[in-house]
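Visitor: Sequence:
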Amino acid sequence: VEDWRRGGPETSPGSADAPIAVVEAFAGDSARIELGRQTFHSSTCIACHGIQGTSAAGVLGPNLTLMGRRRTVAGWLENSPENLARWITAPGDIKPGAKMPGITDPGGSFPPTNLSEEQVLAVAEYLSSLGRGAGGDAP
Numbered sequence: 008v009e010d011w012r013r014g015g016p017e018t019s020p021g022s023a024d025a026p027i028a029v030v031e032a033f034a035g036d037s038a039r040i041e042l043g044r045q046t047f048h049s050s051t052c053i054a055c056h057g058i059q060g061t062s063a064a065g066v067l068g069p070n071l072t073l074m075g076r077r078r079t080v081a082g083w084l085e086n087s088p089e090n091l092a093r094w095i096t097a098p099g100d101i102k103p104g105a106k107m108p109g110i111t112d113p114g115g116s117f118p119p120t121n122l123s124e125e126q127v128l129a130v131a132e133y134l135s136s137l138g139r140g141a142g143g144d145a146p
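The sequence shown begins at 8 in this note's numbering and counts up one residue at a time.
The set of hints was computed from the structure by calculation and includes no laboratory data. Everything numeric in this text was worked out from a predicted model, so none of it was measured. Glycine residues also receive a C-beta, built at the ideal position from the N, C-alpha and C atoms. Incorrect hints may have been included.
Pairwise CB distance ranges, derived in the manner of DEER restraints [to be verified]:
| id | residue 1 | residue 2 | range |
| --- | --- | --- | --- |
| 1 | Ser37 | Pro103 | 30 to 38 Å |
| 2 | Glu41 | Leu73 | 18 to 26 Å |
| 3 | Ser62 | Ser123 | 32 to 40 Å |
| 4 | Ser49 | Thr111 | 18 to 26 Å |
| 5 | Ala81 | Ser116 | 18 to 26 Å |
| 6 | Ala54 | Ala81 | 12 to 20 Å |
| 7 | Glu124 | Ala81 | 15 to 23 Å |
Taking the hints into account, I'd like the entire structure generated from these sequences.
Guide: This is how it looks when you write it as structure tokens:
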């Protein structure tokens with residue numbers, strides 16, 4: 008799993024050589040989306056990000072209400088649960104100077120999120136569902 012986080016094309020989650028656990032992690036199951044929703048709304052994510060119709064009312068970072076409809080993550084990566092997980096894990100590796108904290112690196116004035124791999128995958132799945140009518144909070 009570590010290799011896909013570094014962006015190696017031979018081990019990206021969408022490739023034929025991706026570890027099966029990583030590919031299966033993005034099955035879009037409702038339990039994982041719910042875990043992602045709970046994780047997002049109980050973490051520091053809501054300090055910066057807003058999602059219409061929820062308690063997440065942050066304004067420092069992008070509003071994520073319709074994240075599932077966006078074409079890109081971080082301005083240039085294709086919007087997919089896999090790329091969202093890469094972004095959540097280590098935003099500074101994707102976009103140097105990013106102010107969003109990663110799981111082990113601080114960002115802006117925030118400490119690392121310390122999210123587990125399971126939580127990262129769940130948050131990515133939750134955000135991908137927003138605006139798609141697949142269990143997300145957004146209209």
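Visitor: Indicate, hint by hint, whether the structure satisfies it.
Guide: Checked hints:
Remark: the range hint 30 to 38 Å for Ser37 to Pro103 is upheld by a beta-carbon distance near 36 Å. Judged by the Cβ atoms, the range 18 to 26 Å given for Glu41 and Leu73 holds: they are separated by roughly 19 Å. For the pair Ser62 and Ser123, the supplied restraint of 32 to 40 Å is violated, since their beta-carbon distance comes to about 22 Å. Evaluation of the 18 to 26 Å hint for Ser49 and Thr111 yields a pass: the beta carbon distance comes to about 19 Å.
Distance hint check: the CB atoms of Ala81 and Ser116 are about 20 Å apart, consistent with the given range 18 to 26 Å. Between Ala54 and Ala81 the C-beta distance comes to about 19 Å, which sits within the given range of 12 to 20 Å. Distance hint check: the CB atoms of Glu124 and Ala81 are about 20 Å apart, consistent with the given range 15 to 23 Å.
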